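**Student:** This is what each chain is made of:
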Amino acid sequence: MIPGSYFLVLSFVLFALGVAAFFIKRDLITMFMAVEVMLNSANLAFLTFAKSSSALDGQVIVFFVITVAAAEAAVGLAIVLVVFRQKKSIRCDDLDLMKG
Amino acid sequence: MTEVFWVAPFIPGLSALVLFLFGRLFSRKWIAAQACLSVLASFSISLLAFLGLLAAGKGAAPVVRGLFSWIVSGSFEARAAFSFDPLAAIMSLVVTGVGFLIHLYSVGYMSEDRSLARFFGFLNLFTFFMLVLVLASNVILMFVGWEGVGLCSYLLIGFWFEKPSAAAASKKAFLVNRIGDAAFLFGTFLVLATVGSGEFRELAASVTGGGFPAGIATLAAVLFFIGATAKSAQVPLHVWLPDAMEGPTPVSALIHAATMVTAGVYMICRMSPLFAFSETASLVVALTGAVTAVFAATMALTENDIKRVLAYSTISQIGYMFIGCGVGAYSAGMFHLFAHAFFKSLLFLAAGSVIHALAGEQDLRKMGGLRRRLPRTFPPFLVGAAAIAGLPFFSGFFSKDAILSQAFAQHLYIVWIIGLATAVLTAFYVFRLVFLVFYGRYRMHLETWSRIRESPLIMTVPLAVLAFFAVAAGYIGLPAVLGAKANLFGRFLSPVFTNVPGSVPGPGTEWILMLLSVGAAFMGVAAAYILYVKNPLAPLVLISKLPVLYSVVNRKYYVDEAYEAVFVRPLVRGGEIILEHFDRRILDGVLNGATAATGVTGNRVGLLQTGLIKEYALAFLIGAVLFIGFLLI
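These protein sequence lines map, in sequence, to chains L and W. If you number the first sequence the way this note's numbering does, the last residue is 100 and the count never jumps. If you number the second sequence the way this note's numbering does, the last residue is 733 and the count never jumps.
Not one of these hints is a red herring.
Computed cross-link-like contacts, DSSO-like style, restricted to lysine-lysine with a CA-CA straight-line distance of at most 27 Å:
1) L:Lys87 to W:Lys714
2) W:Lys714 to L:Lys88
3) L:Lys99 to W:Lys714
Simulated restraints on C-beta separations:
4) W:Gly729 to L:Ile2: 29 to 37 Å
5) L:Gln86 to W:Thr710: 14 to 22 Å
6) L:Val13 to W:Ala717: 15 to 23 Å
7) W:Phe720 to L:Ser89: 20 to 28 Å
8) L:Ile24 to W:Gly729: 19 to 27 Å
9) L:Phe84 to W:Val725: 28 to 36 Å
10) W:Gly706 to L:Ala69: 32 to 40 Å
11) W:Ala696 to L:Gln86: 30 to 38 Å
12) L:Val75 to W:Phe720: 13 to 21 Å
In silico contact screen, one side only, chain L against chain W (beta carbon under 8 Å); selected entries:
13) Phe22
14) Phe23
15) Cys92
16) Asp96
Worth flagging that the hints you see were computed from the coordinates, not collected in a lab. For clarity, every value in this text was computed on a predicted model and none was experimentally measured. Just so it is clear, CB atoms sit at the ideal spot from N, CA and C, and this is done for glycine as well.
All chains should be modelled from the sequences, with the hints used to inform the complete structure.
**Tutor:** This is the structure in C-alpha cells:
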C-alpha cells in the first residue's frame with residue numbers, strides 16, 4: 001500500500017511543472033497542455049483526499065473537472081485555430097489586441 | 101332651465117380636443133362647421149340659462165353646480181364649481197355670442213390658411229377657458245381660466261409663428277402677463293389665508309362681516325388689480341397689446357378686444373365687495389384707468405397701422421371700464437364692457453375685411469377712398485366708429501356717459517375731466533381712421549385698385565349683426581333721465597353689486613353732462629374732418645411744426661424703449677454675465693474637470709492592461725500565492 005503522501009507529492013510536482021511550463025513556453029498549444037497538467041494534478045489530489053477520507057465528494061468533483069477540461073480543450077483549440085488563421089502565428093506574445 | 105349652464109364650457113372644450121387629435125383627418129368644411137356649431141351650442145345654452153335667470157326674478161340665489169372636489173388639505177377645500185348669476189350670465193352671453201359671430205367670420209377670413217384645424221382648435225379652447233374664468237365660483241378655478249386664456253392668447257398671437265415679429269409678440273404678451281399672474285397669485289394667497297376659502301360668496305361675506313382687516317383688504321385688492329392691469333393691458337403693463345396685433349384679425353377681435361382683455365374688469369366686478377371695501381384700492385383703479393385712457397388715446401393719434409390704432413383704442417376703452425369700477429359704478433363698467441364687446445369687435449372685423457380686401461395691407465397711408473370698393477364693409481365700420489366715438493343714439497354714448505356721470509357724482513372731477521378729454525381724442529382718432537381708410541383718394545398704384553374685392557358674405561353678415569348690436573346694446577342701459585324703462589342693465593345686475601354706494605347725479609346735472617359728452621364727441625369728429633378731409637396737408641404741417649411732440653407720441657412715449665433699457669437689457673446683460681462667469685467657468689469647469697480627471701485616471705490605469713496573457717497569468721499567480729500565504733499565516 002503506497003502511502004497517500006506520495007500521491008500528494010506527485011500531485012504537487014505535477015502542478016509545479018504545469019505552472020512552470022505555462023510561463024516558460026510561448027506557443028499556445030503547449031500552454032494548453034500545461035493547463036491540462038495542472039488540472040490533472042488537482043484531480044490527483046482530489047482522489048487522494050477522497051480515498052483517505054473515504055467520502056465520494058472528491059471523486060464526483062474529478063468527473064466534473066474532466067468534463068470541464070474536455071470542453072475547455074475543444075473551445076480553446078478552436079480559438080487557437082482561428083487565431084492562427086488570422087495572425088499566421090500562435091505565439092502568445094503576438095497577441096495583444098486587448099492592450100489598453 | 102338655468103341648471104344646464106355648466107355644460108356651456110365643455111362643448112367648445114370637447115370640440116377643441118377633437119380638432120387637436122383628429123383635425124388633420126377632417127375636411128376644411130367639417131372643421132369650420134364643427135368649431136362654429138360648438139360655440140353656437142354653447143351660446144344657446146347660455147341664452148337658455150339667462151332666460152331662466154330672468155324668469156326666476158330678482159331675489160333668486162345664484163345657481164351653483166359643483167363638479168368635483170379638487171384640492172383637499174385639512175379643513176381647506178377647493179371645489180371645481182361653476183356658479184351662474186347675472187354677472188356671469190352677461191359675460192358668458194358676450195363670450196359665446198360675439199365669439200360665435202367671430203368664428204363665422206373666421207371661416208371666410210382664414211379660408212386660405214393651411215392650419216385651419218389648429219386655428220379653430222385654439223379658438224374653441226379659448227372659448228372653453230374663457231367660460232371657465234367667467235363661471236368659476238371660486239378664485240382658484242378662476243385662475244385656471246385666467247391662465248388658460250393667457251395661454252390661448254399666446255398661441256394665437258404666435259399663430260403665424262414663422263414670422264419672427266409674431267413669435268416675438270407672443271413671447272412679449274406671455275412674459276408681461278406673467279407679472280400680473282404672479283400678483284394675482286399673491287392676492288389669492290392673501291384671500292385664502294384670511295378667509296380660509298376661495299369661494300367668492302364667502303369672500304364677500306367675510307368682507308361685509310368685518311372679518312377682513314382693512315390693510316390686508318387693500319393689499320389683496322391692489323394685487324388683484326395688478327393682475328388685471330397685465331391681462332387688460334393697462335398702464336404700465338399695456339405694452340403687449342399693440343404687438344399682439346400680429347395675430348390673425350379675428351383673434352384680435354375676439355381675444356384682444358371683446359373678451360379676454362376685459363377679463364380684468366370682469367374679475368374686479370366679481371370681487372366688487374373687496375374693492376368697494378377698500379377705498380384706496382378703488383382710487384388706484386380709477387386713477388390707473390383714467391391715466392391709461394388718455395395715454396392710450398394719444399398714442400392712437402399718430403399710429404399708422406389700422407389694427408394698432410384699434411389696439412390703442414381698446415386699451416383706452418378698458419381704461420374707461422376701470423374708471424367705472426374704481427368709482428364704484430360696477431354695473432356702468434360692465435355696461436361699457438358689454439357695449440365695447442360689440443362695437444370694438446365690429447371695428448376689428450371690419451378692419452379685417454379691409455385688410456383682407458387689400459391682400460394683407462395694414463398701413464393707413466396706403467389706403468383711402470375705399471368706401472366705393474367696400475360697400476358692405478363701410479357702413480358697419482361707420483356704425484362702430486360712431487359707437488366708440490360716443491355719438492348720440494349709439495351704444496358707446498350711453499355706456500361712456502354712464503361711467504362719466506358716475507365719476508362726476510363721486511366728486512372725482514379730475515377723473516371726469518380726463519375722461520371727457522379722452523372722449524374728444526377717441527372721436528378724433530377713430531374718425532381719422534374712417535377718413536383715411538374710406539375717404540379721400542386711393543394712395544396706392546391704380547393697378548391694385550381694380551384688384552380690391554369686397555369680402556364674402558360669411559364675413560360681412562357678422563359685421564351687419566354686430567353693427568345692429570353696436571347700436572341696440574345702448575338701449576338696455578339708458579340713463580335715468582330718459583324715462584322709466586331706464587337702466588335695465590343695471591337693474592338686472594343689481595343683485596350682484598349689493599353693497600355699492602349708489603349716488604346718482606340729479607337730472608339737471610345729468611343733462612348737462614350728457615350735452616358735454618355730445619359736444620366732446622362732435623368736437624373730435626369735426627377736428628378729424630378738418631384735418632383729414634378738408635385739409636389733407638394740415639397733419640403734415642402740424643408734424644413739422646411740432647417735431648418733438650410728434651416723435652414722443654409716435655414712439656409711444658418711449659415706454660418700450662424705457663422697459664428695454666431698464667428691465668430687458670439689464671436682464672440680458674446679467675444673463676450674459678452669469679453665463680460667462682458661472683455657467684462657463686464654474687459649472688462647466690466642475691464638469692470638465694470631472695471628465696478630465698476620469699480620462700487621466702483611465703489612461704494611467706489602462707497601462708496595466710497589456711493584452712498579454714502571460715502578464716495576466718503572472719498577476720494571477722502572485723495573487724494566488726499571496727492569498728494562500730495569507731490563509732496559512
